[in-house]
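Enquirer: Sequence:
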Amino acid sequence: MNSSILSRQLSQTSRRTLVSTNAKLFSTIPSVQLQASAFQLAKKSKGKKVNDAPPRPGSAYMMWVKHIRPEFANEHPNEKPTGIVKLMAQHWKTLSDSEKEPFYQAYNKALATYQEKKRAYEATLPPKRPAGPFISFCKDNRTKVLNENPHLSTIEATQKIAELWKSASETEKAQYLESYKTALHEWQSKYGKTA
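The sequence shown lines up with residues 1 to 195 when you count with UniProt numbering.
A portion of the hints provided could be inaccurate.
[As the list claims (entries may be wrong)] Straight-line Cα separation of at most 27 angstroms, DSSO-like style, residue types lysine-lysine; simulated pairs:
no., residue 1, residue 2
1, Lys117, Lys181
2, Lys144, Lys173
3, Lys144, Lys117
4, Lys139, Lys181
5, Lys160, Lys144
6, Lys117, Lys128
7, Lys109, Lys66
8, Lys109, Lys93
9, Lys66, Lys144
10, Lys100, Lys86
11, Lys166, Lys144
12, Lys139, Lys190
13, Lys66, Lys117
14, Lys66, Lys100
15, Lys160, Lys139
16, Lys128, Lys100
17, Lys193, Lys144
18, Lys166, Lys181
19, Lys173, Lys139
20, Lys193, Lys173
21, Lys118, Lys181
22, Lys118, Lys128
23, Lys66, Lys128
24, Lys139, Lys100
25, Lys190, Lys173
26, Lys193, Lys181
27, Lys128, Lys190
28, Lys128, Lys193
29, Lys160, Lys173
Rather than coming from a laboratory, the hints here were simulated on the basis of the structure.
Model the full assembly from the supplied sequences, consistent with the hints where possible.
Expert: If you want it as structure tokens, here you go:
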């Protein structure tokens, strides 16, 4: 396949299609096959995180939908799923508060359970990395800047602090950098480099 055909394909197809086309074209060359599969593997795994956090419960409406969907699907067998959702939404609006109450109670109970599980999960997480030198400088100087300039917005105050940081002496910056390095070393020794 020559380059003009490839360039036309590039303008006509999406990147995903091009990747699969190139993988097919070069599948006979072992080194390229490895690179293509590594690229595809990286692309597939990108953005996927291992997350053991408890899932947030659905709303009272969503609990009602899960409960009532089979009934609506049986009553309207020729309706598309989007049509069934519209019918359920209309029906939910017509329900009285007393009819909705069991689902609100179930939601509140599930929410309380979720909050307990979330607190327990967050307790197992390692603490965040220590703040960098500039952030520590900001924390130390924010109240001073805001007391001197109460009219400043948050952004303006941060800009003022950034100016102070730029004009700070190297020894003052070195103190913040040294305390950061010490805190980071302690954190890494306790929790590992990528915690």
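Enquirer: All hints, please: hold or fail.
Expert: Cross-check of the supplied hints:
no.	hint	in the structure
1	Lys117 / Lys181	violated, 34 angstroms
2	Lys144 / Lys173	holds, 18 angstroms
3	Lys144 / Lys117	violated, 40 angstroms
4	Lys139 / Lys181	holds, 17 angstroms
5	Lys160 / Lys144	holds, 11 angstroms
6	Lys117 / Lys128	holds, 20 angstroms
7	Lys109 / Lys66	holds, 17 angstroms
8	Lys109 / Lys93	holds, 23 angstroms
9	Lys66 / Lys144	violated, 54 angstroms
10	Lys100 / Lys86	holds, 18 angstroms
11	Lys166 / Lys144	holds, 17 angstroms
12	Lys139 / Lys190	holds, 24 angstroms
13	Lys66 / Lys117	holds, 23 angstroms
14	Lys66 / Lys100	holds, 14 angstroms
15	Lys160 / Lys139	holds, 13 angstroms
16	Lys128 / Lys100	violated, 41 angstroms
17	Lys193 / Lys144	violated, 34 angstroms
18	Lys166 / Lys181	holds, 20 angstroms
19	Lys173 / Lys139	holds, 14 angstroms
20	Lys193 / Lys173	holds, 24 angstroms
21	Lys118 / Lys181	violated, 31 angstroms
22	Lys118 / Lys128	holds, 17 angstroms
23	Lys66 / Lys128	violated, 38 angstroms
24	Lys139 / Lys100	violated, 48 angstroms
25	Lys190 / Lys173	holds, 26 angstroms
26	Lys193 / Lys181	holds, 13 angstroms
27	Lys128 / Lys190	holds, 12 angstroms
28	Lys128 / Lys193	holds, 12 angstroms
29	Lys160 / Lys173	holds, 16 angstroms
In summary, the numbered hints that this structure violates are 1, 3, 9, 16, 17, 21, 23 and 24.
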